[in-house]
Amino acid sequence: MSALATYNFAYLDEQTKRMIRRAILKAIAIPGYQVPFASREMPMPYGWGTGGVQLTAAILGPDDVLKVIDQGADDTTNAVSIRAFFQKVAAVAVTTRTAEATIIQTRHRIPEAELTANQVLVYQVPIPEPLRFLEPRETETRQMHALSEYGLMHVKLYEDIARNGHIATTYAYPVMVEGRYVMDPSPIPKFDNPKMHRSQALQLFGAGREKRIYAIPPHTQVVSLDFEDHPFTIQHFDRPCALCGAEGVYLDEVVLDDRGSRMFVCSDTDHCETRRAEGHVGPEGMPSGYGAKEAAE
Amino acid sequence: MYVAVKGGEAAIANAHQLLADRRRGARSIPALTVAQIGEQLGLAVDRVMAEASLYDRALAALSIKQARGDMIEAIFLLRAYRTTLPRFGYSDPVDTGAMEIERRISATYKDLPGGQLLGPTFDYTHRLLDPSLLEDAAVAAPVRRECGGEAVGRVSDILGDEGLIEPDSREPLDKVPGDITREPMDFPLSRDERLQALARGDEGFLLALAYSTQRGYARTHPFAGEIRIGLVEVEIELPELGFSVSLGEIRVTECQSVNQFKGSATEPPQFTRGYGLVFGQSERKAMAMALVDRALRAEEFGEDIVAPAQDEEFVIAHSDNVQATGFVEHLKLPHYVDFQAELDLVRRMRAEQQDPSTASREAAE
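From first to last, the protein sequence lines are chains A and B. Our numbering puts the first residue of the first sequence at 674, with every later residue one more than the last. Our numbering puts the first residue of the second sequence at 3, with every later residue one more than the last.
The shape of chain A in the complex, shown without the other chains:
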């Protein structure tokens, strides 16, 4: 710990935190609008959650309980690394239990359990600009947002349907926030999009490399883009979680051998463990205790 003595609580200096908090306040005031901020170099690489880490560092207090997930799981390497970082530089309490956390930093998922008013969900965002792959220039996309000129996005979605019969966007599916700004929800599966709508929790999005912060304040309207004759739908799995039997949750496909055997299990590891602790058993699960231990490893 002595080598870290020269770093401030939660790594960033207080002036930087203040700058980030100002950007957060502005982002909350204009839901879905991307606020530029003077993103700092962080001691982890760009693209590995530096935006989320800066948001968390700016809002984290000594009494917070932090949960970090990647792909829905607490034990993926990058989630482990980010959690360890905050334990080291902020000595903050950490948890894997969604219900216990006050701040949840996530990459690519929204927890299955409904979030509450005293929780903040911090998203790691690689490309904050939903129009980026339609128009690479920042000067152009900024103007398109200013004028609410989102025709290009609708044309793209329409072309998907014309070519494939589907909207071929399965993750990072664009949403309209409070009827004003089209927003990239970060690369969460579109399965998670409805959870953003009127969520009780504050949702903050941080893109470190692209130097943007945006937010969805609690109870904000978030609508996934679609057409009247092609309404937005989410992925459906035709089987329950093999371990806990949960239905209507997002599942990971696990390849069991080289003969094509597959198994589908909850992507949200805390959700799966909580259910198994409550006695739910899926078709391939073990009774509570044994399976829970194994999956947590």
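These are computed hints drawn from the structure, not numbers from a lab. We treat Cβ as the ideally placed atom computed from N, Cα and C, and that holds for glycine. Any given hint could be a false lead.
[As the list claims (entries may be wrong)] Listed next, the stretches of chain B that the computed footprint assigns to chain A, with coverage defined by at least 3 CB atoms under 8 angstroms from CB atoms of chain A: (1) 10-22; (2) 68-82; (3) 182-192; (4) 335-347.
Start from chain A and add chain B according to the hints.
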């Protein structure tokens, strides 16, 4: 039974321990000291300082050692340290005209006041491997001439006195320069912000872009007006004292390119400038920076924008190697949630293709 293929804290700790072992290498070989890196791999240290935007030879050498010689990793280490340092203030503009010259060449004049001074350069060496370096052979002391002490004027000033080249800057003297490390970049950038971004930009990327302008992707007709390397004094004005005090000297490389300009309705025909300034000795970077700087001024001079090197958003948004390496390498992180979504879609589309009768029904879902 399902075994989760997930990395835990123990796996990460073990990986880092192995990394430390590989960094040290065979224990029978003496460990490299930071002082050795600073003294004998000085140009590597210079590059790390330049692209990390932090002038500290010892820390740059340490980061090279810690990064096992991976330059971008070393730059990243030093940047992540730099960003935690408080900003006390901004120095006065450095006067490169008052530089204590170590090397100074001009390709536009055969001889000029102050002379041509080759200095410690690889130029005109024959690139033949030197077996004597396998051993610690004695190296003769360098021949030095007595330094006159008077300032060596800049080539651009010789042209400027005749009005043949545009002025150093069109900005008012009291303009407060931007700071790309403290304010978010906002395209289009002012030239001072652009030069800051180029100064910390990746040497290889800028080199390739500069090269592209020479091969016809935006021709800017450059001459190496002057390249100078040496020590300059950094001064800061202290409000309490009301005058400037010296913080010390830093070594920098400056390149001023001299480029054509045919003139416009308001401007007479005159030469224009590209500017490069880099920490330490790095001629390649300074020259590449000057060429790219000039190419990026295309709009200012009403030139057609036809090539990548003239496109500010393209160049600046992709010149930072710490950002670039992070984002390219983030593809190593798990993406299986998104991949699952794509798998599902591809399977569904394949099923429809094989059974056309379902296509319209599924599409309506």
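Checklist entry - What are the numbers of the hints that this structure violates, sorted from low to high? => result none
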